[in-house]
Amino acid sequence: GPLSERRLMDVRLGELPAWLATCDFSPRGLLGGVRKAWSSYYNKYINVKRGGPAGISMLLAGYCLLSYGWNYQHISKVSFLVSV
Amino acid sequence: VTCSLSHATRPLHTTQQRLAPLPPLPEKGGEVRYGLIPEEFFQFLYPKTGVTGPYMLGTGLLLYFLSKEIYVINHETVAAACILSVIIYGIKKYGSDVAAFADRLNEEKVAKALAVKNEAIEGLESAIEQEKKEQWRVEGRSYLFDAKRNNIAMLLETSYRERLMTVYNEVKKRLDYQVAMQNLKRQKEQDHMIQWVEKNVVQSITPQQQKESVAKCILDLKALSKSAQAAV
Chain S
44 GPLSERRLMD VRLGELPAWL ATCDFSPRGL LGGVRKAWSS YYNKYINVKR GGPAGISMLL
104 AGYCLLSYGW NYQHISKVSF LVSV
Chain B
5 VTCSLSHATR PLHTTQQRLA PLPPLPEKGG EVRYGLIPEE FFQFLYPKTG VTGPYMLGTG
65 LLLYFLSKEI YVINHETVAA ACILSVIIYG IKKYGSDVAA FADRLNEEKV AKALAVKNEA
125 IEGLESAIEQ EKKEQWRVEG RSYLFDAKRN NIAMLLETSY RERLMTVYNE VKKRLDYQVA
185 MQNLKRQKEQ DHMIQWVEKN VVQSITPQQQ KESVAKCILD LKALSKSAQA AV
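Protein chains in written order, with the working numbering: chain S, 44 to 127; chain B, 5 to 236.
A short, non-exhaustive set of chain S residues, derived as facing chain B with CB atoms under 7 angstroms: (1) K87; (2) Y88; (3) V91; (4) R93; (5) P96; (6) A97; (7) S100; (8) A104; (9) I118; (10) S119; (11) V127.
Restricting the straight-line Cα-Cα distance to at most 27 angstroms, the calculated cross-link-like pairs of lysine-lysine (BS3-like) are: (12) S:K120 to B:K72; (13) S:K92 to B:K113; (14) B:K32 to S:K79; (15) S:K92 to B:K116.
Keep in mind that the hints were calculated from the coordinates and are not lab data.
As the structure is a computational prediction, the values presented were derived from the model and not from experiment.
Ideal placement from N, C-alpha and C gives every residue a C-beta, glycine not left out.
All chains should be built: construct the whole structure from the sequences, respecting the hints.
Set out below in structure tokens:
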């Protein structure tokens, strides 16, 4: 189908810049994108009859990675490493 | 970035079938291996690298992060290891029990909703039956009215006859009164006349006649006594 309506996984590598150009980067567009991503994740892994630990464990793992990335500068400082 | 963590429902009314009822929830979530990595990743790498591809990628990445100190081993590593081991042990041991409990809660909710629906259906069915019965009763309306008309006619007839009887009794009483009056009058006239006649007769008997009649009676008595003595 047309480029702007395809999802990221269906876009080929060569078309990536063109696809990025069609994206809506206004705050409203970003909010819509975030909401769509959350709703697709929620409906796939959490809003089911018999879920498992996978739904929230992935969220927690993502949170761990993100917080590690934010604190990397502080963790890698020598003074921090010596004090432990 | 503000995320709306409200319950974003599944996309409703996006397809052509707007009038169909809500589709049921999917049974199981997306496949996730080791609780962290979705199955799509393994399928994505399978054509190029076979089955062991993602594991080699994972091991390589891990060693690279460790050697280059992108992941620093400190006290937090030990803490994370302990926490993870406890969590995994807890999930392995009590996971099925918690799942069964949650399933039972769901079952109860569904059963309650089903019970409400069944009760509503039963109530409506009984209402339909009663409606049919009322319709059947309407057919018998003509008989009911005939019976009522008969009753009323009977009442009218009885009251008419009662009044007739009353009239007859009243008239008879008046006629009896007249008859009694006439009888009384005649009797009074008779009595009065008899008395008057007796009085006049008694008055007309002069003393002379009385003496003669008494003497005659004595003579007759003597004759009778004589004949009686003769007979004995």
